[in-house]
Structure formats: C-alpha cells, structure tokens
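Chains as they are written, first to last, in the UniProt record's numbering: chain A, 1 to 219; chain B, 1 to 219.
Check the hints yourself; a few may be wrong.
FRET-style restraints, in silico, Cβ to Cβ [claimed, not checked]:
hint: 1; chain 1: B; residue 1: S87; chain 2: A; residue 2: L153; range: 56 to 62 Å
hint: 2; chain 1: A; residue 1: D82; chain 2: B; residue 2: S84; range: 31 to 37 Å
hint: 3; chain 1: A; residue 1: Q142; chain 2: B; residue 2: G210; range: 41 to 47 Å
hint: 4; chain 1: A; residue 1: P133; chain 2: B; residue 2: A138; range: 37 to 43 Å
hint: 5; chain 1: A; residue 1: A88; chain 2: B; residue 2: L92; range: 47 to 53 Å
hint: 6; chain 1: A; residue 1: R215; chain 2: B; residue 2: P133; range: 58 to 64 Å
hint: 7; chain 1: B; residue 1: V217; chain 2: A; residue 2: R215; range: 35 to 41 Å
hint: 8; chain 1: A; residue 1: L153; chain 2: B; residue 2: D135; range: 18 to 24 Å
hint: 9; chain 1: A; residue 1: P107; chain 2: B; residue 2: A93; range: 32 to 38 Å
hint: 10; chain 1: B; residue 1: L153; chain 2: A; residue 2: G192; range: 26 to 32 Å
hint: 11; chain 1: A; residue 1: D135; chain 2: B; residue 2: R215; range: 56 to 62 Å
If you want a taste of the chain A side facing chain B, the calculated C-beta under 8 Å gives, among others [unchecked claim]:
hint: 12; residue: L45
hint: 13; residue: I47
hint: 14; residue: C120
hint: 15; residue: T144
hint: 16; residue: F148
hint: 17; residue: R215
In short, the hints are calculated from the structure, not lab data. Everything numeric in this text was worked out from a predicted model, so none of it was measured. No residue lacks a Cβ here, since even glycine has one placed at the ideal position from N, Cα and C.
There are 2 protein chains.
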Amino acid sequence: MTRALHDIATGTLFGVALNYQGLLHQRLAEFDQPPYKQAPVKPVLFIKTPNTRNVHQGDVVYPAGVEHLQPGPALGVVIAKDASRVSAADALAYVAGYTIVNEFSLPEDSYYRPAVKAKCRDGFCALGPTLVPVDAIADPHQLTLKLFVNDELVQENTTANLVRGIPQLIAELSEFMTLHAGDVLITGTPEGRVDVRPGDRVDVDITGLGRLTNRIVAE
Amino acid sequence: MTRALHDIATGTLFGVALNYQGLLHQRLAEFDQPPYKQAPVKPVLFIKTPNTRNVHQGDVVYPAGVEHLQPGPALGVVIAKDASRVSAADALAYVAGYTIVNEFSLPEDSYYRPAVKAKCRDGFCALGPTLVPVDAIADPHQLTLKLFVNDELVQENTTANLVRGIPQLIAELSEFMTLHAGDVLITGTPEGRVDVRPGDRVDVDITGLGRLTNRIVAE
C-alpha cells in the first residue's frame with residue numbers, strides 16, 4: 001500500500017522565489033536599483049508555515065480587505081531522508097517523489113524576500129492530490145504545468161524553464177541547512193500570475209502528477 | 001509533573017525583527033531609502049526552521065567561511081492553544097509560558113526581511129532551559145535580558161523596550177494567521193549585537209527564566 005502524501009510530506013514547506021527563467025528576466029531591471037544593486041546569486045527562499053497547509057479539493061479563503069489573491073502553480077519535491085551537503089549528482093536519491101503545489105500569495109512589491117504576511121495565510125499552500133514516486137517520473141525537468149481558473153487555461157509553462165533544477169536546489173540548500181525527511185521544496189512559480197476571486201475554481205495540472213483542485217471562498 | 005519545554009514548544013518558531021525601540025531608531029534612516037521609503041508599519045516576521053532547534057548546553061556550529069556570527073538574546077513566548085483573531089486584551093490566555101531564546105544569525109544587510117540562509121543554519125535557535133508558566137511572571141514587559149560571552153556582560157536590555165508587547169504581537173499575528181499550540185514567538189533581539197567565535201561560551205539570562213548556555217564550536 002502506498003502511504004498517503006500528507007502522511008509523508010509533514011515537514012517544512014520551502015518556497016523558492018524567482019526560479020523560472022521568464023520571471024527572473026522580467027525582474028532583472030529591478031535588481032539594478034538600491035538596496036540590492038544586483039540580481040540574487042543564490043536561491044531566494046521563503047517558508048510556507050504549517051498553518052498554510054491545504055489539500056486537494058480544500059477551500060482557500062479569500063481574505064477580507066485584500067485587493068488581489070494569486071495562485072502559484074509549482075512542482076513540489078518531497079524529501080525522503082535527511083540531506084546535509086548532498087552533491088547534485090546524489091540529490092535524487094534523497095527524493096521520495098513529486099506532487100503538485102498551489103502556493104497562494106498576496107502580490108508583493110519585492111520578490112527578494114517574500115513576506116510572511118503575504119505568503120502565510122491559513123490554507124495558502126495546497127498540496128496534492130497524491131505523492132508520485134520519484135521513479136515514476138522519467139525527467140522532472142520536462143513537465144508541463146498548467147493553471148486553470150474555472151476551466152480556462154490561464155498559465156502554462158514547463159519545468160524545463162527552472163533556473164535551478166531539482167538536483168542543484170537540493171545541493172545548494174543542503175550545503176547550509178539540513179533538509180529533513182518529509183520536507184517539501186516548492187520549486188518555483190512561473191511568471192504570469194493571475195488574480196482569482198471568491199467563487200473561482202482553480203486547478204493545477206502537471207504532467208504525470210494529476211490535477212490539484214481548490215475553490216476560492218469568501219471569508 | 002511539569003511537561004518539559006521541548007515537549008510543548010514543538011511548533012513554528014516565529015521571529016520578530018526590529019522589535020526593540022533602540023534598534024528601530026538606529027535603523028529608521030535606512031527606511032527613507034528605496035525601495036521601502038518608510039519604516040515598517042506591521043511586525044516584520046521571519047521563521048526559524050525546525051533544523052535550527054537547539055537546547056540548553058547544546059553546541060552551536062560556527063559555519064566555515066563566514067566572517068561573523070551573532071547571538072540574539074530574546075524572550076520566547078510559547079503559545080498554549082490555537083489563536084485566531086485574538087484581541088490584545090485576551091492574548092495572555094493563549095500563552096503557556098515563557099522561555100529564553102538565543103536566536104543566532106549571520107549579520108545581514110537588510111533588517112526588513114531576514115534571509116533564510118542567514119537565520120536558518122542547523123542549531124541556530126537555542127531554547128531553554130525550561131518553560132516558565134505564564135502565571136509565574138508578574139509582568140513580562142519588565143524583564144532584564146543579559147547576554148554574556150565568556151562571563152563578560154556584552155548586551156543588556158529590558159522587555160520594557162519592546163516596540164510591540166506580547167499582547168499586541170499575538171493580536172497582530174493572529175489577525176492574519178492562526179497561531180498553533182506549541183508555536184513560539186521570539187519577541188525580538190535588542191540592538192548591540194556582538195560577534196562570537198569558536199570556543200566562546202554564550203549565556204543568556206532573563207529575569208525569572210534562568211540562564212540559557214551554549215558553546216560555539218568550529219565546524
């Protein structure tokens with residue numbers, strides 16, 4: 001019997017910002033300005049706290065008083081065992097499998113260090129519908145991501161456009177912190193985020209991983 | 001029998017940046033610059049991930065190749081039960097008790113949104129030595145914090161100088177996210193952070209909470 005996704009992926013949810021080529025290129029001009037004056041040279045991480053966890057077919061609450069809420073379709077990588085200073089060559093041996101993540105956010109001024117208040121509302125990180133074992137996906141860098149709002153295709157990209165692929169992410173993160181079994185790497189959301197409203201149905205479809213469905217509800 | 005700190009404080013470790021008056025005033029000039037152009041009007045949060053957890057008398061590893069490592073003495077507030085939209089007046093009913101936190105960090109350019117890489121090294125968040133019940137502390141906003149390095153007093157402040165007190169923090173955070181039983185609010189580190197080196201012993205002393213001791217060791 002397969003253990004369920006939510007019994008395995010119980011750890012920290014690590015988001016990686018700016019990890020699609022198109023998004024990074026859109027933002028490059030901003031990084032010439034103070035205070036940064038250059039684009040980030042290392043992965044820009046953020047955390048989705050445990051209160052953000054949500055499930056396939058779970059409701060996502062549209063917070064009262066906000067002007068925009070945006071889904072963030074992403075490939076999720078579930079860590080199988082503790083990983084410290086793992087090389088890129090060995091990295092996939094530390095992966096249990098893949099799932100779909102829809103990482104909701106209130107849009108922000110700065111992509112550099114996403115804010116807890118924008119990223120960490122209750123229910124703002126849906127995972128599912130299942131954990132697909134690592135060996136079932138021939139090449140995780142050739143998967144198509146599609147975002148549908150009320151059955152309309154509004155965002156489409158491919159993991160071929162990741163700035164850092166999965167082995168490189170695991171190597172760079174585990175170089176400075178231990179990744180634990182059950183942690184999830186949210187490998188990035190592509191450019192072209194759209195707004196959703198209460199009543200909308202949001203689906204994320206990734207090749208081989210099925211479809212993650214959530215509904216936006218008013219507070 | 002009293003349940004031990006580390007059996008209760010199992011949740012998310014929330015850091016609050018810029019929560020001492022002296023520190024905020026030091027930094028005010030920076031906030032006139034782009035991209036922010038004003039000081040933060042809401043608490044600036046960061047997360048200490050689970051890999052950062054450390055204990056009284058635990059070793060803190062000085063990462064190879066870094067130039068500075070700084071302890072961050074702070075009052076920790078352990079949440080007793082799930083808190084959503086709690087008023088400041090009711091907030092202390094959601095507190096299990098207090099402990100000492102030493103929240104280590106590599107110094108950073110920006111106080112606005114502290115970086116995972118600087119804050120989330122393995123063992124960079126020591127908690128202890130015990131959980132002191134909420135009723136045992138008459139006024140948590142009148143506690144003296146002292147930081148000693150090799151028995152020399154190097155930092156001293158008081159929780160009277162918190163920008164946001166504990167009820168206000170709980171009210172402002174629980175307004176947008178649910179705080180869970182076992183979560184810890186790290187209420188802030190005062191200005192005047194100092195560097196430590198491998199071989200140093202670091203003690204944090206807070207009125208009524210005892211003394212939290214850690215040793216810095218080379219990698």
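request  = Could you tell me which of the hints above the structure violates, numbers in ascending order?
outcome  = Hints 1, 3, 4, 6, 7, 8, 10, 11, 15, 16 and 17 contradicted; others consistent.
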